[in-house]
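Visitor: Residues per chain, in single letters:
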Amino acid sequence: MLKLLQNEWMKLWNKKATWTMAILLVVGIAGMMGLTKWISTMEGNRAESGDVAAEGQADAPDWRVMAEAEHADISAQLAAPGLSDSRETDLKEELQIVEYRLAEGVEPHGSFSRQQMIKDSSGIATLAMLFAIIVAAGIVATEFSDGTIKMLLARPVKRWKVLTSKFAATALFGALLTLVGFVVSVVMSYLLFAADGGTELAVQGGEVTEVSVWTLTLYHLFLAFLNIIVYTTFAFMIGSVFRSGALAIGLSLFIFFTGNTVSALLSRYEIAKYLFFSHDLVALAQGMTFIEDVTLPFAAAVLGAYAAVFLIVSYLVFSKRDITA
Amino acid sequence: MANQAEPIVELKRLSKTIRGKKIIDDLNLQLYPGQVTGFLGPNGAGKTTTIRMMAGLMKPTSGEVFVAGKSVQNDLEAAMSNVGVIVENPEMYKYMTGYKNLVHFARMHRGVTKKRIMEVVRQVGLENRIHEKVGTYSLGMRQRLGLAQALLHDPKFLILDEPTNGLDPAGIREFRTYLRSLAEKAGVSIFVSSHLLSEIELMCDRIAVIQNGKLIDIREMKGDTRPHHYIEAQPADQLKAVLESKGYEPVESGAGFIIEEGTERIPELAKSVIAGGLNLYAVRPHRKTLEDEFIEMTGGGQIAETAAK
Numbered sequence: 001m002l003k004l005l006q007n008e009w010m011k012l013w014n015k016k017a018t019w020t021m022a023i024l025l026v027v028g029i030a031g032m033m034g035l036t037k038w039i040s041t042m043e044g045n046r047a048e049s050g051d052v053a054a055e056g057q058a059d060a061p062d063w064r065v066m067a068e069a070e071h072a073d074i075s076a077q078l079a080a081p082g083l084s085d086s087r088e089t090d091l092k093e094e095l096q097i098v099e100y101r102l103a104e105g106v107e108p109h110g111s112f113s114r115q116q117m118i119k120d121s122s123g124i125a126t127l128a129m130l131f132a133i134i135v136a137a138g139i140v141a142t143e144f145s146d147g148t149i150k151m152l153l154a155r156p157v158k159r160w161k162v163l164t165s166k167f168a169a170t171a172l173f174g175a176l177l178t179l180v181g182f183v184v185s186v187v188m189s190y191l192l193f194a195a196d197g198g199t200e201l202a203v204q205g206g207e208v209t210e211v212s213v214w215t216l217t218l219y220h221l222f223l224a225f226l227n228i229i230v231y232t233t234f235a236f237m238i239g240s241v242f243r244s245g246a247l248a249i250g251l252s253l254f255i256f257f258t259g260n261t262v263s264a265l266l267s268r269y270e271i272a273k274y275l276f277f278s279h280d281l282v283a284l285a286q287g288m289t290f291i292e293d294v295t296l297p298f299a300a301a302v303l304g305a306y307a308a309v310f311l312i313v314s315y316l317v318f319s320k321r322d323i324t325a
Numbered sequence: 001m002a003n004q005a006e007p008i009v010e011l012k013r014l015s016k017t018i019r020g021k022k023i024i025d026d027l028n029l030q031l032y033p034g035q036v037t038g039f040l041g042p043n044g045a046g047k048t049t050t051i052r053m054m055a056g057l058m059k060p061t062s063g064e065v066f067v068a069g070k071s072v073q074n075d076l077e078a079a080m081s082n083v084g085v086i087v088e089n090p091e092m093y094k095y096m097t098g099y100k101n102l103v104h105f106a107r108m109h110r111g112v113t114k115k116r117i118m119e120v121v122r123q124v125g126l127e128n129r130i131h132e133k134v135g136t137y138s139l140g141m142r143q144r145l146g147l148a149q150a151l152l153h154d155p156k157f158l159i160l161d162e163p164t165n166g167l168d169p170a171g172i173r174e175f176r177t178y179l180r181s182l183a184e185k186a187g188v189s190i191f192v193s194s195h196l197l198s199e200i201e202l203m204c205d206r207i208a209v210i211q212n213g214k215l216i217d218i219r220e221m222k223g224d225t226r227p228h229h230y231i232e233a234q235p236a237d238q239l240k241a242v243l244e245s246k247g248y249e250p251v252e253s254g255a256g257f258i259i260e261e262g263t264e265r266i267p268e269l270a271k272s273v274i275a276g277g278l279n280l281y282a283v284r285p286h287r288k289t290l291e292d293e294f295i296e297m298t299g300g301g302q303i304a305e306t307a308a309k
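These protein sequence lines are chains A and B, in that order. The opening position of the first sequence corresponds to residue 1 in my numbering, with each subsequent residue numbered one higher. The opening position of the second sequence corresponds to residue 1 in my numbering, with each subsequent residue numbered one higher.
Note that these hints are calculated values from the structure, not bench results. Note that the Cβ used here is the ideal one computed from N, Cα and C, for glycine as well.
Cβ-Cβ distance ranges computed for the label pairs, FRET-style: (1) A:30 <-> B:154: 45 to 55 Å; (2) B:95 <-> A:71: 53 to 63 Å; (3) B:181 <-> A:304: 56 to 66 Å; (4) A:23 <-> B:17: 47 to 57 Å; (5) B:18 <-> A:16: 36 to 46 Å.
Quick look at which bits of chain A chain B covers, simulated, 3 or more residues with Cβ under 8 Å: (6) 4-12; (7) 138-150; (8) 154-162; (9) 313-324.
Residues on chain B that point at chain A, a partial pick, calculated with CB under 8 Å: (10) 55; (11) 59; (12) 80; (13) 85.
Start from the sequences and build out the full structure, keeping to the hints where you can.
Guide: Below is the structure:
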């Protein structure tokens, strides 16, 4: 089995497209962070020329003012009628954190601080997902379109093993891209942005506690990776069933780009909860959701069920199919 | 040939129905070690379907294929470890070198070493180009690489579908010699489908003919050795009369006739033709080609209604 995975990995990295994607990922993330740095510099300049206030003093009241505004905003939302339970819990936790910050004088991270940049690096998963989908869509389909499938399957190896090696290679590729993207993002955070004295807070068991930016980011990355796996499994299934990489890439990306809109449109209906593209686990963990009463475990269970169905369909079709290519 | 030996490959009551059409109908066939069997049939007769079922690429509707006693359908890994396959054009991974392609396929078999890979590369004469990308190969070179991947694991049974496609005449000759030596020296059983009848004729010990999904004939190539002669004289109708009076059954062929006759009675026959006042133009031994037999067997070889692919 390991040898089969080795084979898939070799084929993957002998394709120019794979290297192109990897390079695009690195360049894209580095570019985005460079752009962020540039924007932060521009804003800093504007602040300096407009206000002649001393830098050290300008920052301190700033976060307090914003925290108080946030406090007012959350309180207003809580007072509004018709809140769902999950939303109410989220808001109450946010309020608790803001109150704690104001009472204890615990500063949050500035939006262009190194810590905030590291925290935001779970966003690279979007790019990793895009490329992982492309690979997942093609890994079975191109064997058919190139006619190599008959050379691959006329072997003393059961078909499910071949398919497993292909799925494992896809998942590994997704994990590698996520990891590489994260490393690039962290390196750029250190190169371009300065650390500040802020502290990350979270509510755990009713108490406000300090959390490490690293723990939080790795947790988000892990959730993002689960999302990647579900989308790649979908692309993998389409590629295996229809033997067309183009269709699989097209359909997966279509869902990837329009999924949010569709689930937003359907968010009033029960069905939205059971669509796999409704659930962005990272957003859920950050308390952002537009479907009511969806918890992280529920979303994870829905995604798990979808991934299982996609895989079962892929295996059934692939092992039964007559190879006529 | 060595038909007394145990068959290495057995097709037992193999049938395949695709969308209600019987592509292969109750096919039974045995293949023996050390023997090259040709597989002939008009287009759409079911050759490719049969070969794909033997290679584990298609599942029969009923029946089984056994290789060395193991069922391809129920014990794929044991059965296929004895089989080397080239199905139609050997499509390789074009973006990799020939060597990497071989490494790839070697990993799918047990116990194929680097040394063995290079040995096979040398056997098929690709050592100078093996580290170049397959995309740069000519069709002939791809055929050689295709043969190499089929031989990596020293199979006892080799399935070749149209193996000489794209080979030049020298390449075909070399290929033929190589296959014959594989069969004779290593005792490999070889099953070749080809539309080049002359090729099959030179390469095979035995041929199996399929038409409309049914096996219509299996014969030893050296089996039909009854001698024939071609005789041509004018006027033709008088010649025919003479031949018939001698007890032959002349078959018209071009300007003359073919009769079943060895060399012994030919001088006497020639004398009587000349004595009869006919102008004798030619008397020569006639060898029935496989093409003649093939056309005879398949009745001109129309393409079957159910075009299998």
